[in-house]
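Q: Sequence:
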Amino acid sequence: MSDIFISYASEDLRQAEPLAHALQAQGWKVWWDRSIPTGKTFEQVIDQEITKARCVIVLWSAISIQKNWVLEEAAEGRDRSILAPVFIDDVRPPRGFRRFQAANLVGWAGEETAPSFLGLVNDLASILGPPPRVEQDRQRQAEVEANRKTEEEEARRQAEVEAEAERKAKQEEQRRAEAEANRKAEEEEAR
Numbered sequence: 007m008s009d010i011f012i013s014y015a016s017e018d019l020r021q022a023e024p025l026a027h028a029l030q031a032q033g034w035k036v037w038w039d040r041s042i043p044t045g046k047t048f049e050q051v052i053d054q055e056i057t058k059a060r061c062v063i064v065l066w067s068a069i070s071i072q073k074n075w076v077l078e079e080a081a082e083g084r085d086r087s088i089l090a091p092v093f094i095d096d097v098r099p100p101r102g103f104r105r106f107q108a109a110n111l112v113g114w115a116g117e118e119t120a121p122s123f124l125g126l127v128n129d130l131a132s133i134l135g136p137p138p139r140v141e142q143d144r145q146r147q148a149e150v151e152a153n154r155k156t157e158e159e160e161a162r163r164q165a166e167v168e169a170e171a172e173r174k175a176k177q178e179e180q181r182r183a184e185a186e187a188n189r190k191a192e193e194e195e196a197r
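In this note's numbering, the protein residues as written are 7 to 197.
Calculated directly from the structure, the hints in this document are not laboratory data. Each hint should be verified, as a subset may be incorrect.
Said to hold, decoys possible - Subject to a maximum C-alpha distance of 30 Å in a straight line, what follows is the list of computed DSBU-like cross-link-like pairs (lysine-lysine):
id, residue 1, residue 2
1, 46, 35
2, 176, 190
3, 58, 35
4, 190, 174
Claimed, not checked - Computed Cβ-Cβ distance ranges for the label pairs, DEER-style:
id, residue 1, residue 2, range
5, 72, 124, 25 to 33 Å
6, 27, 112, 15 to 23 Å
7, 132, 152, 24 to 32 Å
8, 159, 115, 41 to 49 Å
9, 8, 170, 55 to 63 Å
10, 20, 44, 22 to 30 Å
11, 72, 31, 28 to 36 Å
12, 176, 31, 54 to 62 Å
13, 8, 122, 17 to 25 Å
14, 122, 40, 21 to 29 Å
15, 19, 44, 14 to 22 Å
Built from N, CA and C at the ideal position, the CB exists for glycine as well.
Could you build the full structure based on these sequences and the hints that come with them?
A: Now the structure itself:
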């Protein structure tokens with residue numbers, strides 16, 4: 007099952023591809039029609055994938071707003087309340103989609119640090135939950151922090167052990183010095 011289904015006009019492949027890769031880099035499973043298995047029809051696979059998807063991204067462009075299948079796929083996302091429209095051209099969305107706020111990736115060149123892309127990632131997180139990469143980064147950071155605390159605790163315990171050993175060594179040295187002083191005093195007295 008995919009997290010994200012991307013609907014776009016085939017003429018917009020150059021904009022769809024970097025978006026798909028950037029979303030995959032976030033850790034989400036992304037389906038777009040580059041993977042139709044041999045022997046299957048586009049309709050079969052697309053119907054299966056859009057039905058299983060947890061989010062439908064529609065890329066609005068001058069071409070896609072005129073494509074019936076893009077409109078049908080967008081309607082599926084809208085009807086299931088999982089639609090995330092994205093502008094890749096400065097266009098007016100088709101009827102039935104004008105009330106939906108859309109992310110603006112017009113002119114976006116695939117940079118994962120671009121504010122417009124990060125805004126989309128944040129918006130998608132409200133539908134899908136945090137991107138797996140973010141969650142993995144949090145887990146890694148928590149592990150690093152736990153390891154650091156464990157190392158600090160171990161270093162503190164080791165310092166305590168060393169301090170106790172040093173204290174005992176000083177006591178032993180003092181006890182020997184006192185014993186030696188007593189022995190010398192006894193020898194002096196015996197003379």
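Q: Confirm or reject each hint.
A: Hint by hint, here is what the structure shows:
Using a Cα cut-off of 30 Å, the hinted pair residue 46 and residue 35 holds, with the two alpha carbons roughly 21 Å apart. For the suggested pair residue 176 and residue 190, the alpha carbons sit about 21 Å apart, so the restraint of at most 30 Å is met. The straight-line distance between the Cα atoms of residue 58 and residue 35 is roughly 12 Å, inside the 30 Å bound, and the hint therefore holds. A threshold of 30 Å between alpha carbons decides the hint, and for residue 190 with residue 174 the separation of about 24 Å falls inside it, so the pair holds.
Take residue 72 and residue 124: their Cβ atoms lie about 30 Å apart, and the range 25 to 33 Å holds. Between residue 27 and residue 112, the C-beta spacing of about 19 Å keeps the proposed range 15 to 23 Å intact. For the pair residue 132 and residue 152, the supplied restraint of 24 to 32 Å holds, since their beta-carbon distance comes to about 29 Å. A hinted range of 41 to 49 Å holds for the C-beta pair residue 159 and residue 115, which are about 47 Å apart.
For the pair residue 8 and residue 170, the beta carbons lie near 59 Å from each other, so the given range of 55 to 63 Å is met. For residue 20 paired with residue 44, a C-beta distance near 25 Å keeps the hint of 22 to 30 Å intact. Range check, residue 72 to residue 31: Cβ separation about 31 Å, and the 28 to 36 Å hint holds. Here the CB-CB span from residue 176 to residue 31 is close to 59 Å, well matched to the stated 54 to 62 Å.
For residue 8 and residue 122, the Cβ-Cβ distance of about 23 Å falls inside the hinted range of 17 to 25 Å, so the restraint holds. As the Cβ distance of residue 122 to residue 40 is approximately 23 Å, the hint placing it in 21 to 29 Å holds. In this structure the hint that residue 19 and residue 44 lie 14 to 22 Å apart at CB holds, the actual value being about 21 Å.
Hint check: no violations occur; every hint is consistent with the structure.
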